[in-house]
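Q: As you go down the protein sequences, you meet chains A and B in turn.
Residue 1 is where the first sequence starts when you use the working numbering, and the numbers rise one by one after that.
Residue 114 is where the second sequence starts when you use the working numbering, and the numbers rise one by one after that.
Hint data in this document are derived by calculation from the structure and do not stem from the laboratory.
Careful, some of the hints might be misleading.
Computed cross-link-like contacts, DSSO-like style, restricted to lysine-lysine with a CA-CA straight-line distance of at most 30 Å [unchecked claim]:
| no. | chain 1 | residue 1 | chain 2 | residue 2 |
| --- | --- | --- | --- | --- |
| 1 | A | K71 | A | K57 |
| 2 | A | K71 | B | K170 |
| 3 | A | K100 | B | K122 |
| 4 | A | K57 | A | K17 |
| 5 | A | K71 | A | K100 |
| 6 | A | K1 | B | K170 |
| 7 | A | K100 | A | K1 |
| 8 | B | K122 | B | K170 |
| 9 | B | K170 | A | K100 |
| 10 | A | K1 | A | K71 |
| 11 | A | K57 | A | K1 |
| 12 | A | K17 | A | K100 |
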Amino acid sequence: KNQVEQSPQSLIILEGKNCTLQCNYTVSPFSNLRWYKQDTGRGPVSLTIMTFSENTKSNGRYTATLDADTKQSSLHITASQLSDSASYICVVSAAGNNRKLIWGLGTSLAVNP
Amino acid sequence: DSGVTQTPKHLITATGQRVTLRCSPRSGDLSVYWYQQSLDQGLQFLIQYYNGEERAKGNILERFSAQQFPDLHSELNLSSLELGDSALYFCASSASSGSNQPQHFGDGTRLSIL
């Protein structure tokens with residue numbers, strides 16, 4: 001069964017600190033993996049999209065990594081800011097005619113002053 | 114601003130009623146997706162349209178239907194509403210139907226069933 005699991009479920013850090021969010025998936029065949037940021041009450045915003053051949057991709061203070069062999073991805077946030085408080089969602093796209101997006105439940109991040 | 118417009122922002126109605134949610138995609142985008150997000154739940158994919166044609170179907174109930182019009186805007190129709198239909202409904206758009214395309218989301222319609 002195609003699944004995307006994220007950990008931790010929630011995380012609290014102090015402003016200025018770094019953090020890493022994890023995503024494990026069992027989607028096969030694999031097409032790409034995306035990270036989205038969703039502020040409370042708003043629509044998700046795309047942070048990165050990585051295909052099978054990409055190991056890392058950055059978007060400002062956000063860096064995503066992908067290990068297609070172990071089917072794991074991480075999102076690293078550097079020098080966190082209060083505005084980073086949001087839900088971070090890992091989404092995996094299946095390849096082939098299906099091409100479904102399988103959404104994780106997200107990690108809720110709170111950055112405190 | 115994602116460029117995706119959803120109306121109305123809020124909708125309050127009663128059980129058994131029917132509502133229509135509207136989405137205008139980003140300029141130039143041909144694909145439209147509909148999602149449901151219940152309280153503290155992940156996004157559930159409902160349906161995708163590409164250039165007026167249904168492209169993919171997710172966990173969409175038979176009471177729900179959607180369409181994409183020639184001007185590419187889309188509507189999601191929800192009928193015989195139940196309390197459990199209370200949720201945020203998001204529309205997203207992408208340039209094509211390709212799976213490598215980022216989806217751009219609107220800010221959703223919050224539906225409350227009383």
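Q: If a hint holds in the structure, say so; if it doesn't, say that too.
A: Hint check results:
Restraint check: the Cα-Cα separation between A:K71 and A:K57 comes to about 16 Å, which is no more than 30 Å; the hinted pair holds. The hinted pair formed by A:K71 and B:K170 meets the criterion: a straight-line CA distance of about 26 Å does not exceed 30 Å. For the hint linking A:K100 to B:K122, the alpha-carbon distance of about 27 Å falls within 30 Å, and the restraint holds. About 20 Å separates the Cα atoms of A:K57 and A:K17, which keeps this hinted pair within 30 Å; it holds.
As the CA atoms of A:K71 and A:K100 are separated by approximately 17 Å, the hinted pair is consistent with the 30 Å bound. For the hint pairing A:K1 with B:K170, the CA-to-CA distance comes to about 17 Å; that is within 30 Å, so the pair holds. A hinted pair counts as satisfied when its Cα atoms are at most 30 Å apart, and A:K100 with A:K1 qualifies at roughly 13 Å. Between B:K122 and B:K170 the CA atoms are separated by roughly 24 Å; this keeps the pair inside 30 Å, and the hint holds.
Note on B:K170 and A:K100: the hinted pairing holds, with a Cα-Cα distance of about 9 Å set against a maximum of 30 Å. At roughly 14 Å between alpha-carbon atoms, A:K1 and A:K71 fall within 30 Å of each other, so this suggested pair holds. At roughly 27 Å between alpha-carbon atoms, A:K57 and A:K1 fall within 30 Å of each other, so this suggested pair holds. For the proposed pair A:K17 and A:K100, the alpha carbon gap of about 35 Å is over 30 Å, so the pair is violated.
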